[in-house]
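K.L.:
Read off the chains here:
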Amino acid sequence: MSTPAPKQAANKPTPKPRPIPKPTAGTKYFWDAAKRGKLALQYDPDNKSYQFWPRTISVKTGKRNLEWRDTSGKGHVYSFTVTHVPATGFDGKTPYIVGLIELDEKVRIIGNVLNCKPEDVKVGMRVKVMFEKLSDDISYFAFEPDK
Amino acid sequence: MAKKNFLEKKDVCIVSYAETKIDRTTGKTAYELAAEVAEELFTKTKMKPADIDGVGFSVPISECSNPFWSNYATDYLGISPRWLQTSDLGGASCIGNVARGAMALQNDICETVMLIGADAPSTKWSANYGAYRNEFWEPTGINGPPGAFGLLYQRYMAQHDLDFRGLGALAVAQRNGAVLNDLAYEKFRQKITIEDYLNSRQVSSPLRLLDSVMFCDGGNGVIMMKTERAKKLGFKNLVYPISYSEMTNFKCADQTPDITESAHSVSGPDALQLAGMKASDISMFHPYDDFLIAVMLKLEQIGFCKRGEGSQFLRDTDLSPTGALPINTGGGQIGAGQPGLAGGGLNLVECVRQLMGEAKGRQVPNPKNGMVTGIGVIPYGRNWGTGNVMILSK
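Chains as they are written, first to last, in our numbering: chain A, 1 to 147; chain B, 148 to 541.
Pulled out of the complex, with its shape left as it was, chain A reads as follows:
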């Protein structure tokens, strides 16, 4: 729970690349969907609700009866932070926006807000999903203003 130490100019280490997710048995569908440009969410048919982040059990019913559904990828900014100290793989990108997005399916997801200046992002602003290709297998979700 701490602030990263300030970067030292001298003997600056080579920047590490952005971490690339390694899908698990339980998240493979999500990343396969992302590769075809869709934001997939787990749907609990017993409780008729979505959940995120992915788990293989319903946090409502305690059953593993969940299905994946492609969604519209639309929602609004519930909160955001403008990052001035680059995280691993984000050297040279500051300041950048990390949003806590409330999707229309009533779940929240953390992702970058791109194609938007830090001074223009607002709580309540409508956004839609987009994807950044990180590797042949992984397209990573982000959001942009939905005008």
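Be a bit skeptical, because a hint or two may be false.
[Unchecked claim] To give a feel for the contact side, a few chain A residues facing chain B, derived at Cβ under 8 Å:
| id | residue |
| --- | --- |
| 1 | 19 |
| 2 | 26 |
| 3 | 53 |
| 4 | 60 |
| 5 | 80 |
| 6 | 82 |
| 7 | 96 |
| 8 | 110 |
| 9 | 112 |
| 10 | 114 |
| 11 | 123 |
| 12 | 125 |
Since the hints were derived computationally from the structure, they do not count as laboratory data. Computed from a prediction, not measured in an experiment: that's the story for all the values here. Cβ coordinates follow ideal geometry from the N, Cα and C atoms, glycine included.
Fit chain B to the known structure of chain A by using the hints.
P.N.:
What follows is chain B alone, placed relative to chain A:
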């Protein structure tokens, strides 16, 4: 729901406390820091390793890749415990361990409990979290706790008036404590002003540098036993935990919770009710302080002030040792430096030190009691995982 106060009889107590100097990149291991804490506890209580039959640790970031940490650590210290507890509640572990140690003592599983937090994250980093972090957290560039708290600040500002001068007043009060605390990280032992806080650089806006703790190395600990035994052994300066409440994963299944509300909105009022007290009965407040807003939200949720009025309360209240509500009188973690996941013990030990009347130049005049809180773990898109509260008294 909990509802019996297992601490109401004052049948267990803390007889001694210890704390190391807080410093950065010491080159020490958590074992070596634990040894410093243990030696001070042995010296103060005139005990030896063979006298300890119960031990509780918090998991250190610097040693968490070892699944047998507490086993190795007790071996390192020469202790053969009959009760051994390792808590991974992060910064909530230390008061969590006081509660767990009390239960072990009350049930005669052991009779002398040593609780130690020791961590050296600025020397060695061993944590690798898994769960949602590798796929859904790190690749977003959120930058860990500062980013998570940046989201929390921004959301609070969307719902309430946040007067940053109130947070600045808290930063100043805690730093004043660090100046008077010779165990505090040396570079932090100089006063700051509210303007210094307001002008400190943005890290994860609206979160500033001086909203934040800095990881250091250090350790702390206490010794507990049944009150009856403590008196028989001649210990005179006793501190009693008198109520405790804990919750992990507040509104876990709710997919769209109000993130400005935390587990402390349950555990805070609960701990007060168990003790038969109101917030206004608390002599001093020693809240876990990773970021300033966490202290402010706890003031609101435990009931020291109304929801949405935390920053105004901080701005208008004398937070010094002689003030209306002394807060983190030794500097807290933000003022004195955060000894990794031993951090929660820093707030606990300062409360015990104050109740024993040994805080010297920063002593609160005759405190009747003190409240300590813990925070553990940063969950996905919320505030914090574990929120616990302990009230202690003379």
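K.L.:
Indicate, hint by hint, whether the structure satisfies it.
P.N.:
Results for each hint:
1. Because the beta carbon of residue 19 of chain A sits about 5 Å from the nearest beta carbon in chain B, less than 8 Å, this interface hint is met.
2. Proximity of residue 26 of chain A to chain B is violated relative to the hint, the smallest CB-CB distance being about 10 Å (cut-off 8 Å).
3. For residue 53 of chain A, the interface hint holds, since its Cβ comes within 8 Å of a Cβ in chain B; the closest pair sits about 4 Å apart.
4. Checking residue 60 of chain A against chain B: minimum C-beta separation of about 6 Å stays under 8 Å; hint holds.
5. Because the beta carbon of residue 80 of chain A sits about 6 Å from the nearest beta carbon in chain B, less than 8 Å, this interface hint is met.
6. Checking residue 82 of chain A against chain B: minimum C-beta separation of about 4 Å stays under 8 Å; hint holds.
7. At a threshold of 8 Å, the smallest CB-CB gap from residue 96 of chain A to chain B is about 6 Å, leaving the interface hint in force.
8. The criterion of a C-beta within 8 Å of any C-beta in chain B is met by residue 110 of chain A, whose closest approach is roughly 5 Å, and the hint holds.
9. Because the closest C-beta pair between residue 112 of chain A and chain B is about 6 Å apart, less than 8 Å, the hint holds.
10. With 8 Å as the threshold, the beta carbon of residue 114 of chain A stays out of range of chain B, its nearest partner Cβ sitting at about 11 Å, so the hint is violated.
11. Nearest Cβ of chain B to the Cβ of residue 123 of chain A: about 4 Å, under the 8 Å cut. The hint holds.
12. With a least beta-carbon distance of about 11 Å to chain B, the hint placing residue 125 of chain A at the interface is violated under the 8 Å criterion.
Checked against the numbered hints above, the structure breaks hints 2, 10 and 12 and satisfies the rest.
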